[in-house]
Structure formats: structure tokens, C-alpha cells
Amino acid sequence: MIRIENLTKVFETPEGPVTAADHITMDVPDGEICILLGPSGCGKTTTLKMINRIIEPTSGRVSINDEDTTGMNTTDLRRSIGYVIQQIGLFPNMTIEENISVVPRLLGWDRKRTRERARELLDMVALDPSAFMGRYPGELSGGQQQRVGVIRALAADPPVLLMDEPFGAIDPINRAVIQDEFLRMQSELNKTILFVSHDIDEAIKMGDRIAIFRAGRLVQYDRPDDLLAHPKNDFVESFFGEDRALKRMQLARVRDVMEDDVPVVRHDDDLRRALELMDERGYHYAITLVNEHHQPVGMVMRSTAETRRGKCGEHYYGVDALAHLDDDLRKVASLMFSHDTTWLACVDEDGRLAGTLTQRGITRYLGATYRPQE
Amino acid sequence: MLLQSPQRLFYGTALVVMFLLGVWTEGSGFIDEFLYYRGDITYLLGQHIELMLISGGLAITFAVPVGVLLSRPRFARVAEPAMQVLNIGQTIPTLAVLALSMTLLGIGRVPAIFALFVYTILPIARNTYAGIKAVPPHMKEAAAGMGMSATQMLFRVELPNALFVIFAGIRIALSVNVGTVPLAFLIGGGGLGELIFTGIALDRPVMMLAGAIPTAALAVVVDMVVAAVAFLTVPKGVNPLRNPA
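Going down the list, the sequences are from chains A and B.
With this note's numbering as the guide, the letters of the first sequence map in order to residues 1 to 374.
With this note's numbering as the guide, the letters of the second sequence map in order to residues 1 to 245.
These aren't lab readings, by the way, just hints derived from the structure by calculation.
Hints are not guaranteed to be accurate.
To be verified - Okay, derived cross-link-like pairs now, SDA-like style, lysine to any residue, Cα gap no bigger than 25 Å in a straight line:
| id | chain 1 | residue 1 | chain 2 | residue 2 |
| --- | --- | --- | --- | --- |
| 1 | B | Lys140 | A | Leu106 |
| 2 | B | Lys236 | A | Glu97 |
| 3 | B | Lys140 | A | Gln87 |
| 4 | B | Lys133 | A | Thr75 |
| 5 | B | Lys140 | A | Pro159 |
| 6 | B | Lys236 | B | Phe155 |
| 7 | B | Lys236 | A | Met133 |
| 8 | B | Lys140 | A | Gln86 |
| 9 | B | Lys133 | A | Gln87 |
| 10 | B | Lys236 | A | Asp128 |
| 11 | B | Lys140 | A | Leu107 |
| 12 | B | Lys236 | A | Glu139 |
| 13 | B | Lys133 | A | Pro159 |
| 14 | B | Lys140 | A | Lys247 |
| 15 | A | Lys247 | A | Met133 |
| 16 | B | Lys140 | A | Arg135 |
| 17 | A | Lys191 | B | Glu141 |
| 18 | B | Lys140 | A | Met133 |
| 19 | A | Lys112 | B | Arg156 |
| 20 | B | Lys140 | B | Phe155 |
| 21 | B | Lys236 | A | Gly138 |
| 22 | B | Lys236 | A | Lys247 |
| 23 | B | Lys140 | A | Thr341 |
To be verified - Reference listing, derived: stretches of chain B covered by chain A, where coverage requires no fewer than 3 residues with Cβ under 8 Å from a Cβ of chain A:
| id | stretch |
| --- | --- |
| 24 | 165-173 |
| 25 | 205-219 |
| 26 | 231-240 |
Values in this document were obtained by computation on a predicted structure and should not be read as measured data.
For each residue, glycine too, the CB sits at the ideal point set by N, CA and C.
The whole structure should be built from the sequences, with the hints applied where relevant.
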């Protein structure tokens, strides 16, 4: 756990003292990603850099795993904290292997162990070690360089990682890929991470917690969903913007919102059976048709069931859009708009029907802003 | 055919001119007269190289650490003024430096070497300082953030990244040095200047050329040697000679 207590930085400038960080107090629990978010000049980067003392705090304390870092030797402290910066900062005079091995070598690891670690880390970000170990940073693309920047910080397996807008200089498409990759790595590594960002969408996507900074002060520190549902003041509210509800949709997964106990009909069921089931549940619109593998193949409209006779298999409309259990609601809403429907079948990895999701269900979920606080 | 390719035309003409020059030099007895000075050339060339190596070697061992020291944050305040002083040093004509050196140290090899040394320091110190200063701050922040001490950062990050610029300085300094060594003769330092100046004084062009041509050839060779050393020692990732962008 990282505990920050009353951390303050006052810069002396020719125009007088400037308070860059004003009594910042916050805890980051083990294994969580905490995003420091705010407009530029709000003190988020200063706060981050005071943790590994790139910037010396004016007052206040930082403890890592209950150990006060104030008295610690600066180089020892820094070697135990991973550090990733926006400009990546790979050393162009060293090969990729040498870059990754910087901290292990400073810590005096033997050659074999260092080399194995470098291979393992390159594998982790899907860069082929045999091809990349001997290359120089200048021979890599921006995205590849930043991947190396991240694994270099992880080389000595530090419990804590500080990241200063790590994906800020990468184009949007690659950024999304690297973010996903990083989240997957984090789910295995469980590092305690402080992450500076000015990108709200990135913060919502990556953060277990978000700390909103303004003019050197910590304004609100909460889980993303709580921040979006209960902004503490006008600043936080306007910072997240008018489309807060849409942003919250990114946080919810289909599996949490869908209705999972849904009636279905099969090809050889009679239309009367379909009508019966719809009446039973009060469906005004349609019912899902599944095949022998329980995969949704279409829907039988209520109007059809009321006016026609025969098997369901002869009178159904195909489905052309499906939601997957791990999709977020924003994607689902987008699918609904583009296919002009208020209803989607949700399927698991094998394509089997797991439930259904309606526009009303989403609205109800977003409307339920009250959640018991921990 | 020849007119179609300007490059061929150029080489062809050059070849013809060279051949005619050869014919003329042989016919006028130039080559024979030149070879007459063979013994002097080898002896004086040895002295010349010695002067260059001693003064150049001293200058490198002195100027690189000076450049490094001036780039340290501790000396940030004096660095720019110090560079200005060195710049002014470079604007003093070579002959004046030699004269000053002679008034201080008398005549002979020592004042000659001292004057050459003084004259060679600046380009090396300046390039060392500038090369280290040009290492991007974010790279240094990354190094510091990973827990490198100031010394580790200097030897693992700053110097390797500045090395190419430092070598560029050494190249300039040594070619200036080789070209200046002939003047050492004027204060009794020896070297190929002896043939050049004596040749001028006695109005013997061939004697003068016997000093001038080896001096020019040496300058080219020294430059190539330094370039080769730079090619081999500058880390591959920051060596523009190895991976032309």
C-alpha cells in the first residue's frame, strides 16, 4: 500500500512561492491502479514525482508498505520503484536487452538471471526476444518502445509502479491496444500503481480509483463509477462533462446488467407456444429463437405469433447483432443504435445464449446511482 | 558517348590531367628533385607526428575532463563564461600563441608543444560540454528515476550518448593541430615546417612542396584514423556512421 500524508511542495520562483501540491493525503491499496487526473498544472505530476523524490517534497510523508520513505537512501528507494515516463526515455546507446537490464544490473543480479528476466518480460508484451534483445531503441516503433519502457520498469519486480502519462505520446489506435495489454498484465502482476493522466477516458478505463486534482489540491478521490455518479462539486462534474452517463456505460459489463433468465423457443416449437411464453413474461415485442446448441439465431415477433400459424422455425427474423458477456455497455448501446433495435441477445464465448439486454435495462442500471459505500 | 554521362566525362578528364601532370613532373625533373629530400622528409615527418601526438594526446586528456566537469550542475554557473574564455583563446592567431609561448618558455620543442596543446583544447572541451548538455533531460530523468547515481548516469548514459559529438571535436582539433605543426619550426620545434619555410626562404618550390605535400597527406590520414576510431567505439545505437538515417 502507498500511503501519502500531507504531501506538500512549494516552489520558490522569482514571482514568489508557488504551491504545486497542497497537503495531499491519500491511500492506494495493494494491487490497485490509482489514476491522478486533472488539467495541466494541477499538481498531479508533482505529487507523483515526490514519491520517488525526483522532486523533493517540502513537507509531508510517503510510506510504501508501512515503511516511511523519508529517511531512505534516494537511489535505493528509486531502484525499488518502477518508473515509466511519457517520453519513454529508453537509452539509445543500449540494446533493448541492456535497457531492460538497467535496474537488475544496478542491483547486482548475475548475468544469467538478468538475461532470463529480459526474455521473460519481452515475451510478456509479445515482442519476440530472439528478434528484439539485440536491437536498438531507434529501430523500434513508438508503440514497441513504450512496451519496452513499461517492462523495463518491471524488470526488478518492484511492488510499486509510477507512470507519468505513459501512453500519452502514442497514437490512439496503438494506445488502446497497449492499454488493454497493460491491464491484462496487471491482472496477473497485481502491482500497486500510481498513474498520471489527463485523458478522462483513459482514467475511467484503467483506474480502480481516480484522484481528481485542481490547483494543487486533491478534490475527490473515489472509484470511477462513484465519481461519475456522485461528483463532489461543480468542478468534478464539469470536468467529466455532460456525457457522464455515457462514460459510466464504459464501466459496466454486459454480464452485470443483462437479464439472464430468459424464455426461448426452438425451431420446431409451435407459434402458439411462443405466444404463451410472451404472455407469461409480458413481452410486447418478441421472443428469442435458439438452435440445438442454444445459440440465438433469430426472434419471433409477437405480431407474427398472433396472426400466423405453424412452427417458430418458419416465421422468424434473423439476428444480426450480438452482445458478448464482457462487452461494455457503450459498445452495446452503439450496436443498438446502428442496428435500430432496443434489444440484444447476449452470448458467452461459445456463442450460446446467456441472456438478453434491453435499452430499458441499461437506463435502469444507469439510473440506479445509489450504491452502498464501502 | 562521353557527353552522355557528365560523371564519366569528369573522371576521364581528371585521368588525362593527372597523366599530363605526371609527364610534366617527370620531364621537368621534379620527381628526382623531390626524392632528393627523402631522408629529410622521413626524419622531419617523424618529428611532426611526435609533436602532434604529444600535444594532441595531452589536449584530449585535459579537455575531455574539463568539458565533463563544466557540464556538471555544480559548475553550471561558471560553464558559459569558461566557454567564452576558451572561445576568445581560439580567436588569437596561431602565430601569436606561438610567440606568447616562446616568450614564456623560450625556444625548442616544449614551447611548441605547449602552444599546440593550448590551441587544440577548445574544440574538444567545447564539443564534450555541448555533447553532454545535449543529452535530453527526459533520458536523464529516466536514469535518475531508475536509481542511477550521478557517476553511473555519466558513464552509462551521458558519455555514450555524447561520444559522437566528442569525437567530432577531436577530429576538428587534430586537423587544426596537424596544420599548425609546421609553424612550430619558427620557434625551433622542428617538423615539416623546416622544409616549407626554408624552401620559401631559398626560393626552392620543390623543397617547399617536399614539406607541404606530406603535411597535407598526414592531415587526411589523421582525420581518417579518428573517424575509424569513432566508428568503432561509439555505441551502435547512437552512431550515425553505422545507421545513416
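Taking the hints in turn, this is what the structure says about them:
The straight-line distance between the Cα atoms of Lys140(B) and Leu106(A) is roughly 16 Å, inside the 25 Å bound, and the hint therefore holds. Taking the CA atoms of Lys236(B) and Glu97(A), the gap is about 14 Å. The hint holds against a cut of 25 Å. For the hint linking Lys140(B) to Gln87(A), the alpha-carbon distance of about 11 Å falls within 25 Å, and the restraint holds. Taking the CA atoms of Lys133(B) and Thr75(A), the gap is about 23 Å. The hint holds against a cut of 25 Å.
As the CA atoms of Lys140(B) and Pro159(A) are separated by approximately 23 Å, the hinted pair is consistent with the 25 Å bound. The hinted pair formed by Lys236(B) and Phe155(B) meets the criterion: a straight-line CA distance of about 16 Å does not exceed 25 Å. Between the alpha carbons of Lys236(B) and Met133(A) the distance comes to roughly 14 Å, so the proposed pair stays at or under 25 Å and holds. This hinted pair checks out: Lys140(B) and Gln86(A) have alpha carbons roughly 13 Å apart, not beyond 25 Å.
For the suggested pair Lys133(B) and Gln87(A), the alpha carbons sit about 18 Å apart, so the restraint of at most 25 Å is met. Between Lys236(B) and Asp128(A) the CA atoms are separated by roughly 21 Å; this keeps the pair inside 25 Å, and the hint holds. With a CA separation close to 19 Å, the supplied pair Lys140(B) and Leu107(A) stays within the 25 Å bound. Our distance criterion of 25 Å between C-alpha atoms is met by Lys236(B) and Glu139(A), whose separation comes to about 11 Å.
In summary, the hint linking Lys133(B) to Pro159(A) is not supported, as the alpha carbons are separated by about 34 Å, beyond the 25 Å threshold. Proximity of Lys140(B) to Lys247(A) is assessed by CA-CA distance (about 38 Å); at most 25 Å being required, the pair is judged violated. Distance hint between Lys247(A) and Met133(A) is unfulfilled; the C-alpha atoms sit about 40 Å from each other, more than 25 Å. For the hint pairing Lys140(B) with Arg135(A), the CA-to-CA distance comes to about 21 Å; that is within 25 Å, so the pair holds.
For a cut-off of 25 Å, the pair hint linking Lys191(A) to Glu141(B) stands: about 22 Å separates their Cα positions. Distance hint between Lys140(B) and Met133(A) is fulfilled; the C-alpha atoms sit about 22 Å from each other, no more than 25 Å. This hinted pair checks out: Lys112(A) and Arg156(B) have alpha carbons roughly 21 Å apart, not beyond 25 Å. With a C-alpha separation of about 12 Å, the suggested pairing of Lys140(B) with Phe155(B) holds against the 25 Å cut-off.
Pair hint Lys236(B) plus Gly138(A) holds up; C-alpha atoms about 10 Å apart against a cutoff of 25 Å. For a cut-off of 25 Å, the pair hint linking Lys236(B) to Lys247(A) is broken: about 47 Å separates their Cα positions. For the proposed pair Lys140(B) and Thr341(A), the alpha carbon gap of about 55 Å is over 25 Å, so the pair is violated. Beta-carbon proximity to chain A at under 8 Å applies to 0 residues in the stretch 165-173 of chain B; the threshold of 3 is not reached and the given coverage is violated.
Figure legend: the stretch 205-219 of chain B, annotated as covered by chain A; annotation inconsistent (0 residues with Cβ-Cβ distances under 8 Å, at least 3 required). By the rule of at least three residues with a Cβ nearer than 8 Å to a Cβ of chain A, the coverage given for the stretch 231-240 of chain B holds, with 4 such residues.
Consistency with the previously given hints fails for numbers 13, 14, 15, 22, 23, 24, 25, ordered from lowest to highest.
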